[in-house]
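When you get a sec, could you build the whole thing from the sequences and use the hints?
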Amino acid sequence: MTVFTLAQLAKELDAELHGDGAVQISGLGTLKSAGPGQLSFLANAKYRGYLEETKAAAVLCSPDQVAFSPVPALAVKDPYLAFARVTRHFDRMPVAVAGIHATAVVYPSAQIDASASIGPNVVIEGDAHVGANAVIMANVFIGARTSIGAGARIWPGVAIYHDVEIGPRCNVHANTVIGSDGFGFAPSSEGWIKISQVGGVKIGADSDIGACTTIDRGAIEDTIIGTGVIIDNQVQVAHNVVIGDHTALAGKVGISGSSKIGSRCLLGGAVGVAGHLEITDNVQVLGMSLVSGSITKPGVYASGAPVDEHARWRKNTVRARHLDDLFRRVKLLEKARDSE
Amino acid sequence: MTVFTLAQLAKELDAELHGDGAVQISGLGTLKSAGPGQLSFLANAKYRGYLEETKAAAVLCSPDQVAFSPVPALAVKDPYLAFARVTRHFDRMPVAVAGIHATAVVYPSAQIDASASIGPNVVIEGDAHVGANAVIMANVFIGARTSIGAGARIWPGVAIYHDVEIGPRCNVHANTVIGSDGFGFAPSSEGWIKISQVGGVKIGADSDIGACTTIDRGAIEDTIIGTGVIIDNQVQVAHNVVIGDHTALAGKVGISGSSKIGSRCLLGGAVGVAGHLEITDNVQVLGMSLVSGSITKPGVYASGAPVDEHARWRKNTVRARHLDDLFRRVKLLEKARDSE
Amino acid sequence: MTVFTLAQLAKELDAELHGDGAVQISGLGTLKSAGPGQLSFLANAKYRGYLEETKAAAVLCSPDQVAFSPVPALAVKDPYLAFARVTRHFDRMPVAVAGIHATAVVYPSAQIDASASIGPNVVIEGDAHVGANAVIMANVFIGARTSIGAGARIWPGVAIYHDVEIGPRCNVHANTVIGSDGFGFAPSSEGWIKISQVGGVKIGADSDIGACTTIDRGAIEDTIIGTGVIIDNQVQVAHNVVIGDHTALAGKVGISGSSKIGSRCLLGGAVGVAGHLEITDNVQVLGMSLVSGSITKPGVYASGAPVDEHARWRKNTVRARHLDDLFRRVKLLEKARDSE
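Protein chains in written order, with my numbering: chain L, 1 to 340; chain B, 1 to 340; chain S, 1 to 340.
Worth flagging that the hints you see were computed from the coordinates, not collected in a lab. Careful, some of the hints might be misleading.
To be verified - Calculated cross-link-like contacts (lysine-lysine; reagent style DSSO-like; alpha-carbon spacing at most 30 Å): (1) L:K260 with B:K315; (2) B:K260 with B:K194; (3) B:K46 with S:K194; (4) S:K202 with S:K297; (5) B:K32 with B:K55; (6) B:K194 with L:K11; (7) S:K297 with S:K260; (8) S:K11 with L:K194; (9) L:K260 with L:K315; (10) L:K32 with B:K297; (11) S:K194 with B:K315; (12) B:K260 with B:K202; (13) L:K335 with S:K260; (14) L:K315 with S:K331; (15) S:K297 with B:K11; (16) B:K46 with L:K32.
If you want it as structure tokens, here you go:
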């Protein structure tokens with residue numbers, strides 16, 4: 001078990017220590033649930049009531065909240081960020097062992113750094129490259145000529161096709177697929193004719209990709225994900241999409257082919273983006289919205305319709321089909337009024 | 001081939017036998033398609049026409065429909081439920097063999113019940129536990145300290161991370177991921193800082209989970225799925241979600257972080273639930289609706305918009321952007337009328 | 001490296017050669033990016049400006065565009081289709097080797113054609129059948145009695161359950177699941193009672209299925225996908241769905257149980273189709289639309305709402321809940337006007 005003194009954490013986080021620096025911290029908890037040995041945090045002043053009653057061993061909070069803490073506190077400007085930094089100490093994720101597991105199938109021409117960890121049943125094809133300290137977990141497939149950057153972690157069952165580049169320190173969660181064919185077919189009199197997808201995928205450093213997400217290879221040129229991009233579970237990124245640095249895609253987002261998303265954008269859950277359009281930097285789109293045209297101005301956008309009681313929804317839905325007609329009727333009424 | 005006499009099934013289902021109890025049943029069919037040896041059922045009186053013309057060997061129906069059956073019948077109060085109970089006899093799912101396949105990689109500290117079946121290329125990490133008669137199929141990954149309850153079945157390619165509890169008799173379909181990291185990152189001047197997800201996942205007894213579904217581990221505390229919960233394919237359950245007993249989530253539902261769904265709820269296909277909200281017990285939400293606030297009253301809710309012909313949809317969609325303006329215009333018209 | 005002369009390609013594509021037939025083509029590029037040795041194409045006259053400035057080694061275009069090409073050209077009636085046909089020559093997908101990899105687990109009763117390629121860690125259960133020249137890549141699971149047609153390719157991590165038929169030359173991308181249980185449960189006083197899904201899945205010839213897609217087995221009869229159907233990533237096809245020949249389902253489409261989609265339909269990204277309905281042939285549904293009733297007339301349909309600026313969306317969304325009321329108010333205004 002990892003144990004830190006509060007004084008140690010104060011030093012690491014450059015925090016102001018209030019109370020006993022010898023208090024031992026061996027885990028994390030929420031203000032409501034934390035008990036002995038657990039560190040908690042207050043990031044939002046509206047939860048101060050929980051702070052006042054916490055049984056945590058210590059808390060992280062802003063300087064102006066210290067007075068309300070019944071337990072030792074570490075004061076920092078951004079308690080949420082400080083908490084984020086401290087969480088890694090208490091991660092119970094098993095430590096990977098360097099070396100290639102006996103059951104892994106690694107083609108002779110693949111280059112695997114001696115410090116990398118290649119788990120059971122991993123398959124790595126020809127001329128692939130795995131960098132220093134990278135962790136390739138069980139049942140992962142890595143195709144020919146694909147490279148995995150130093151310090152990256154690929155969780156079980158991920159399939160990465162040929163000619164893909166994953167940047168250093170990226171994290172790819174289980175059963176995600178990177179480099180599958182884009183959805184490209186030409187219509188013909190005999191049906192759909194497949195367009196071989198000869199581009200690859202490039203993912204920058206420090207990007208984090210969720211589980212069961214799919215990122216297609218490019219049709220001719222590459223699909224490109226920037227640096228420090230965070231992508232949640234079940235996101236679909238089609239061929240030749242470009243995603244700017246530090247953009248966040250929440251769960252179930254879908255981005256159609258050749259669209260370009262700017263930097264520092266936030267796309268909410270299940271947002272859909274049509275193809276061949278552009279979203280500029282610093283755009284936020286709320287959950288379940290449809291982006292069907294380019295967005296050229298930073299700001300917040302939405303189109304999702306929140307639920308209503310069934311009876312009322314049903315009436316309004318029927319009416320919505322006649323909305324254009326209603327506008328015409330109102331226009332006529334206005335004309336009648338104005339001609340009086 | 002499994003064969004039952006109609007009399008045997010009548011006894012098992014506590015049904016009233018009408019006709020020849022010696023009729024042999026070796027399979028199932030719909031009223032329209034069933035032939036010799038096949039049992040069918042009528043659950044909805046509006047399909048009585050199909051009953052009257054069925055070529056099934058026998059049927060399950062309610063007592064008041066027996067008179068319309070041209071073939072031997074088993075009368076029960078709830079024919080659909082009786083049919084559900086009988087289907088398992090005709091499931092052609094291969095029977096699992098107890099023991100650990102030679103190609104499986106099981107860490108020495110893992111505890112595997114002797115009656116459990118561990119398939120080819122399965123990887124089970126340290127201190128994991130697999131209960132009696134559990135079936136772990138090919139290429140499954142089970143992380144450290146995770147426990148799989150007695151009688152559970154985990155289909156091929158499922159990845160279950162460390163510190164997850166799967167209850168007895170649960171069924172988890174292929175390539176689903178349980179215990180992946182929640183989407184937790186703190187913004188900083190250097191970009192997103194990952195919040196290690198130190199909670200786990202707890203799934204109660206008798207829950208059924210579809211294919212390519214993702215259930216994230218908790219940030220600090222656990223993500224919790226109740227007892228007898230049924231979850232379809234491609235459902236996304238974010239960190240710290242709580243789902244009550246006997247709730248059903250249809251395909252492609254997405255539930256954002258920390259939301260709490262009550263018991264006996266029914267969420268239709270592709271319903272999206274925003275984060276940090278609560279849905280009370282016995283709530284039904286129709287497909288493709290967005291729940292963006294808490295629902296405190298049981299009932300049926302919806303927000304999905306059904307398709308219309310393209311030309312009309314286009315006109316109405318343009319108008320919808322000016323709806324607020326239209327309300328104002330109508331208000332002015334009303335004022336003009338009322339002042340006359 | 002594959003190299004063709006332009007004259008060779010002209011012959012293969014039955015194209016009219018303009019310029020030097022000895023030009024060597026070793027790759028593909030877009031009009032904007034292509035350089036020496038690369039072939040490009042112009043499919044849409046509005047990009048003629050790119051053609052006029054291209055640095056490609058040669059281009060595919062329609063006869064009326066040849067005059068604008070600064071480089072050798074192959075004139076064809078349908079340049080996009082011709083390009084599609086030529087792309088396969090430049091696909092860098094590794095060539096599969098016939099035979100069964102030493103680490104594959106193939107049950108003795110499975111029948112594997114000698115020309116098929118069975119990759120590492122593949123598991124093939126009893127009485128399954130793999131046809132001539134089929135390629136089964138790493139970590140794939142194939143259940144009992146399932147058959148994979150000649151020339152089919154199954155990418156890594158795919159799980160195909162028992163009693164599934166995959167037609168010749170089908171292509172199934174990584175981590176897709178075919179034959180998982182349909183979402184069938186009968187309510188009872190003890191909770192949900194599972195209905196064993198005893199049907200299978202049948203997929204016709206030349207169909208192409210994306211990554212992380214799920215196709216459930218039928219409840220009693222089979223789920224059926226036609227010939228030449230193209231299905232993108234993360235599509236969900238529920239039990240007993242029937243999909244007609246040459247239909248295209250874009251990413252994230254969801255089709256609920258027992259619905260029947262016609263031939264040559266195009267369903268856009270994330271379209272949702274409710275259960276037990278029918279869509280006739282030649283129907284196109286735009287992205288993120290909800291089909292909640294049958295569509296009996298060919299044509300284009302939609303219901304997605306495009307994003308708006310947050311402030312305006314918010315106002316309009318509040319108003320939309322009172323739409324029925326607004327219609328009544330306008331009706332009253334019209335009565336007042338008409339009675340004057």
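Problem - Hint consistency between K297 of chain S and K11 of chain B [alpha-carbon to alpha-carbon, up to 30 Å] - result: violated, 49 Å
Practice task
Assess, step by step, whether the Cα of K194 of chain S is no farther than 30 Å from the Cα of K315 of chain B, and give holds or violated.
Solution key: Given pair K194 of chain S, K315 of chain B is violated - Cα atoms ~45 Å apart, limit 30 Å.
Handout entry: Restraint check for K32 of chain B with K55 of chain B, where alpha carbons must lie at most 30 Å apart
Key = holds, 8 Å
Handout entry: Distance restraint between K260 of chain B and K194 of chain B, which requires alpha-carbon spacing of 30 Å or less
Key = holds, 24 Å
Exercise for the section: Starting from K260 of chain B, check that the Cα of K202 of chain B is at most 30 Å away, please. Expected result: Holds, at roughly 14 Å.
Handout entry: Straight-line alpha-carbon gap K335 of chain L to K260 of chain S, limit 30 Å
Key = violated, 48 Å
Exercise for the section: Decide if the proposed pair is consistent with the structure: K297 of chain S and K260 of chain S, CA atoms, cutoff 30 Å inclusive. Expected result: Measuring from Cα to Cα gives roughly 14 Å; hence the hint holds.
Handout entry: Straight-line alpha-carbon gap K202 of chain S to K297 of chain S, limit 30 Å
Key = holds, 27 Å
Practice task
Below or equal to 30 Å on CA atoms is what counts here, so check K260 of chain L against K315 of chain B.
Solution key: Within the cut-off at roughly 28 Å; holds.
Handout entry: Given pair status - K331 of chain S, K315 of chain L, alpha carbons within 30 Å
Key = holds, 16 Å
Exercise for the section: For the pair we were handed, K260 of chain L and K315 of chain L, check the Cα-Cα distance against 30 Å. Expected result: Cα-Cα ~39 Å, so violated.
Handout entry: 30 Å Cα cutoff - pair K46 of chain B, K194 of chain S
Key = holds, 24 Å
Violated hints for the displayed structure, listed by number in ascending order: 9, 11, 13, 15 and 16.
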